[in-house]
Amino acid sequence: MASSSSTAVSNPLFGVQVSEKLSKQNHALWRAQVLTVIRGARLEGHITGETAVPAAQLSKTVEGKEVKFSNPAHDEWIAADQQFLGFLFSSMTRETLAQVATAATAAEAWKTIQRMFTAKTHAQTMNVRLALITMKKGNLSVSDYVGRGRNTNSNRGRGSGRGRGSSQQRGNDGRPLCHVCYKRGHVAANCWHRYDEDYVPDDKLVAAATYSHGADSNWYVDTGATDHITSQLEKLNTREVYKGHDQIHTASGAGMKIKHIGHAIVHTPTRPLHLNNVLHVPQAAKNLISATKLASDNSVFVEIHSKYFLIKDRTTRSTVLKGPRRHGLYPLPSTSSTKQAFAVAPSLERWHSRLGHPSIPIVMKVISSNKLPCLRESNKESVCDACQKAKSHQLPYSNSMSVSNKPLELIYSDVWGPASTSFGGKKFYVSFIDSYRKFSWIYFLKHKSDVFEKFHDFQQLVERLFDRKIIAMQTDWGGEYQKLNSFFEKIGISHHVSCPHTHQQNGSAERKHRLIVEVGLALLAYASMPLKYWDEAFLAATHIINRIPSRILQYDTPLECLFNHKLDYSSFRIFGCACWPNLRPYNAHKLQFRSMQCVFLGPSHTHNGYKCLDIATGRIYICRDVVFDENVFPLSKFHSNAGSRLRSEIALLPSHLLSHTSHQGGEHNNHMLDFYNVSSDQTDENADIDGGNTTDTTNDDLGNQLHELRSSVMQDMHFGGEAATHATEDQSMVAAKPRTRLQSGIRKEKVYTDGTVKYSCFTSSGEPQNLHEALNDKNWKHAMDSEYTALMKNKTWHLVPAKSDRNVIDCKWVYKIKRKADGSLDRYKARLVAKGFKQRYGIDYEDTFSPVVKAATIRVILSIAVSRGWSLRQLDVSNAFLHGILEEEVYMRQPLGYEVSSLPNHVCKLDKALYGLKQAPRVWYSRLSTKLQELGFQASKADTSLFFYNKGVVSMFVLVYVDDIFVASSMQSATAALLQDLNKEFALKDLGDLHYFLGIEATKIGQVVYMTEDQFADGFTKSLTERQLKLFRHNLNLRSLD
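549 is the number that UniProt numbering gives to position 549 of the sequence shown; each next residue is one higher, with no gaps.
Hint data in this document are derived by calculation from the structure and do not stem from the laboratory.
Among these hints, one or two may not hold up.
Unchecked claim - Think about it this way: if two alpha-carbon atoms lie no more than 25 Å apart in a straight line, the pair counts; the simulated BS3-like pairs of lysine-lysine are:
#: 1; residue 1: K532; residue 2: K918
#: 2; residue 1: K918; residue 2: K854
#: 3; residue 1: K243; residue 2: K257
#: 4; residue 1: K909; residue 2: K838
#: 5; residue 1: K781; residue 2: K989
#: 6; residue 1: K235; residue 2: K322
Produce the entire structure from the sequences given, and follow the hints as far as they go.
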């Protein structure tokens, strides 16, 4: 049975306790107790180094081989040392242990304690010697006197570790004071220390002299101080009350309280020195600068010489400050003496700052050309912090030396977007470019998070295609690629990432993006196609780019270089041109047309054929039998917003029609839903592909009816006519919805039987509260007739039969009495307003915008116009919103009181905008801004409702606030010309000089314009009750007293 080789080590220090725990004041007593215990345990060699650490392993030769094994003596030494270290830790106070706790061995802990409590510098030794010389026994016993001397020798200048100072006592003595040794009874001329430069006077005497003849304002560099200390609060530039409990301890052991803590600045000829966390100790006799903190806070170092000291810059090694030694101390020179000591030539850094931080060659040129004085020891390679903060820019990029010798050695990838939702419902695309032959693949994305899935598709495709693995990927560090990073590490793909905001490091992908976008936009522009087809255009652009010569490949094509395929350009056709595919296999009966005009969307990537888009249905046919006409582009004939109209129509179809259509022709025949639903997840190869023959005759009939319906809608949008479809035909497909009496125009006023009186009887505005009151008043009836006549003259709408599948909104009459600036009656205004809150997004409106000029813009333009004496004109556009042409189909009920009796079941199909519609402000602003830009005005980037014209001596500003226009011009004739041009397009009313704009009254007297709000204030006070008015007046009186 094998015996254990471990030896139990007894602890000779077990149970031994020290009565005096080591603190900041009892190091001598603690050291005496601990040394006796250590020597008794025969462990003193662990701290003196006599007992060396045995080797951790021993070796011996066994059968000719050297075998290593652990040394038991080493383990015993480690155990004894750790027991010794634990004993030392147990004999310390908590505050002292915190400074020694990092020691790993007993020797290390002992050395740390000795450094903390034993002073080694010359200055500390002199202070202790002086303290011992001047110490008197007095009333102390012999033992206390000797103990005090030992403590003074042991605790040299170390207290809580927060700097140095001295205590002093004030007294009144008429004897003369020596300014060399600071003793009384003789003067400096008779002092025997007069020529002794190494003499250091007693701190107590110095303190007494300081308080007798004023404080010493000099700063003294102290290599033993741990903190900056000052007794003069005015030396701190910023300060706050010190809330701690630490004290400053002197060599005698006395403690001084810290009152404040702050920051100070010492000015030097080259740059200021910052003193951070300066302790304000009122009892301190000297202002001490900790050399350690001075060096760390200012990036300098201190050189102490026998006659002087130097403070030098750590980087440039140039001298920042030089000071003399006086009476054994190193005071910082005063401001005047510093300037005299350093009245030398400026450094190169100083000239660099004086000349506005130009480059070093420019500074040297100025110095040499003008023979300016400059220090020779200036460092030309120093880095200017101010220049880096102000002029930091990207460093030049070196040419990439990366060369790929085989496919898939390096793949560049990046995500482009977001863009407006495309025809296929996508907003992004991710590209993959092979570094070997610059061949490109793109995949369309609905969200950036789809990159992970698309990379798997790309990886499976190319690795099977080339029978190789992807070696490395070059991308940015976007969130979509952070998810891929762990996958790359798992399968062994090297992932090269560009630095943040440094897209140049992924330049191949960025340049490919630019090329694809430029070619794709060119295809769309040439074919006059809407931008929603950008996905098909970009796919066709990538197909073309891979098949045209590249200068990088010595004018070879990427496809030929990578796959060795011979290209046939005879199959290329113009993107977006008219095409007629053979549709006979899709016909339901033999009398259907064999083809129809479609739009060419490029070649299919999965079929040997072409993609042809049927505009009326949104169906994409894949066919090889196609006839092209490259001189005709069908989509150029349609309005740019035709797609939204088709989507609105398909959204109104009943669900049973959509379900029949979506199942027509098998699982791939989902072209209807994909075309009208922009959130479809299908890509080019997976969406809108027809295959197979239809078998259900019922589905065929419904599909044909839907096709005919969509064709009639497209013809209606193209030619501006009505759809030749009767309401009875729609009712055959859609179940009739219940119709309310209000929808039929049947109304009945509420009759009050409880004695309630309508509030309108007591209103002073004179504005009718309902239609009945307005029709019975001749003034309001005349205003309504004028409004209706203007609407009819403007051709705002035309009547069409009502259909249950349309979103029909209501309208109402709004009445307002227009008043002049003085409050008198101007005219009665009646306006027909549509109830736009019933509109549905994506069906009868899309984008909204309201031209409202900012108040700050108005103030700026008024200030400019008044200061320069420009003319100020105010315009009003009659029925401004009626000038906007609608792009969407909006249906509204006939205005109440003006229904056409012969067509009671018809509704108004709006051709132009009407007040209340959500898109009315946008279409009005679009037409007005277009007109102003045709006249040479430019839109402001700071305020979209501000337009300016500046040519030669003519400067004009036009501010638009809905239908109110304010014109400021440097010439009256220019304003008249502008009004003449606008009046040709819109019904303008020239209100003359600016007098009332947005509730502000403007009165021009001479060259001064006075702005008041009297009418607004008068209307506001009239709306207040008597109690509210009293409170309002009371608040005004209080403000006037202030």
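Against the structure, the hints come out as follows:
no.	hint	result
1	K532 with K918	holds, 23 Å
2	K918 with K854	holds, 21 Å
3	K243 with K257	holds, 11 Å
4	K909 with K838	holds, 15 Å
5	K781 with K989	holds, 23 Å
6	K235 with K322	holds, 21 Å
Violated hints for the displayed structure: none, as all numbered hints are satisfied.
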